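Construct all of the structure, not just a fragment, from the sequences and the given hints.
So the protein sequences, as listed, match chains S and Z. Numbering that gives the first Met the number 0 numbers the first residue of the first sequence as 0 and each following residue consecutively. Numbering that gives the first Met the number 0 numbers the first residue of the second sequence as 0 and each following residue consecutively.
Think of the hints as simulated: they come from the structure by calculation, not from any bench. Mixed in with the good hints, there may be bad ones.
Pairs count within a copy or across copies, as identical chains cannot be separated in the list.
[Said to hold, decoys possible] Distance condition first, Cα-Cα at most 25 Å in a straight line; then the derived DSS-like pairs of lysine-lysine:
(1) 76 to 129
(2) 180 to 195
(3) 129 to 201
(4) 76 to 44
(5) 116 to 180
From a predicted model like this one, the values you see are computed outputs, not experimental measurements.
Number of protein chains: 2
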Amino acid sequence: MKKEPGSEREYLESYNHDQFKKMSVATDLLILTIEDDRLKVLMTKRSEYPFKGHWALPGVFVGMEETLEEAAVRGLKEEVNLENIYLEQLYTFGGVNRDPRLRVISVTYMALTPPEKLDFKAGNRVTEAKLIPVEEVIGGEIETAFDHREIIRYAKWRLKNKVEYTDIVFHFFPDMFTLPKLQKAYEIIAEKKVYKTNFRKKFMPVVTDTGLEDRSGGKRPSRYYCYRPEEKS
Amino acid sequence: MKKEPGSEREYLESYNHDQFKKMSVATDLLILTIEDDRLKVLMTKRSEYPFKGHWALPGVFVGMEETLEEAAVRGLKEEVNLENIYLEQLYTFGGVNRDPRLRVISVTYMALTPPEKLDFKAGNRVTEAKLIPVEEVIGGEIETAFDHREIIRYAKWRLKNKVEYTDIVFHFFPDMFTLPKLQKAYEIIAEKKVYKTNFRKKFMPVVTDTGLEDRSGGKRPSRYYCYRPEEKS
DNA sequence: ACAATAGTGTCTGTGAGACAGTATCGA
DNA sequence: TCGATACTGTCTCACAGACACTATTGT
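Encoded structure:
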């Protein structure tokens, strides 16, 4: 078959080298939440080789007809039945031997949610899934599959940085929350104590008082606030 | 052929679905520099379909035996004969129809360099390459291939953010530089004027005076500084 | 009354913004 | 001397850190 140099056909063929055939692209999900005053990540126990019995991040392969973000959203829906939550691309990991079976490029996405919204027991999944404190993963107490320990360490680092100059803390809470709880979450992520006064000065401008109170504490009740329902016009 | 459920073999086969076969992974490079008081990006003129005659970012496909970063480093070496420069992963673009020929996931890397180190005329490249002001690309004055205009817009945004709270400005300069020039670069990237006094207060702690002077200005000479040769012990 | 938690007032220090002033070059 | 550029001193103001104080609950 005759080839026209520089033609579309020649290009299509040149890209079909065997070299580029066996790479797969996946999105791995870092579903993070705060529970019992600890930052936790959702992991699934592998029931198959390799790393059978180890814990891994949930993930899906990217289909030919979906974007990376669509794949991440699909994964969230399939694995934890979760929709409409905060999602951001974290980093792309492409080590050669990340997966001993085949070359997998993993585009990781970070999802933040209050623990109440997680529903990983239901659904049609067979594999075991649970929230694991990131400290236990990073500390090596948990047997972790692939390079997922590194990925989790990176996510924790990114979160720690962003919490100081953005409003991501709010994504760990439902519509209503109390400032003491918000502060506690902030301190866990930032890994440092802050003064009540300064914390409130910082976030008061972006929250609004609901008038409701949380009387579950036993002591003086704290007020419920909402995030930014009054955006300044 | 008999299959053992849960075996390694079954897994390998299940990942060989046609669905995951035709995706390619590339790294596109954003080689940024400051020249003539403008932020510029290196682009190459496409000599083939598609987007023939349009300008595109340099990039290489990721080989099976190299990591993403190794591919980026190789691309830098091949395209602009550049080594040992600042390189950071920017973002991964995975739109379905980014490339009309085949599905390409593009892991983009941002490289910063002084313009003197660029050597894209030499080498064995046949395609035309030149530095184009990012404003012209974003403004639509330049015919841009694929989604590269979006990528460049994102890089500019990221750079603008990082310049305020990191030391990336220094990567646009060789070992020695004057503070007025450094400030000018800062202002171009941050897209705002700053006061000399405050700029110096901010960066004086991380530079050291060489004693040398730049007498090319015609007026009062400015001193040459180095970046952090005196890291505090 | 008391312990415990929620919430406020205010002093201090740091660092950016603003601007006036001094220093050094060529012509 | 003059214009232009390099460099410095210092006032102000916003904001985070620090800490003492008041307020409201259950027991």
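Against the structure, the hints:
1. 76 to 129: within (16 Å within a copy, 45 Å between copies)
2. 180 to 195: within (11 Å within a copy, 43 Å between copies)
3. 129 to 201: neither (34 Å within a copy, 46 Å between copies)
4. 76 to 44: within (18 Å within a copy, 42 Å between copies)
5. 116 to 180: Within one copy only: 17 Å inside, 52 Å across.
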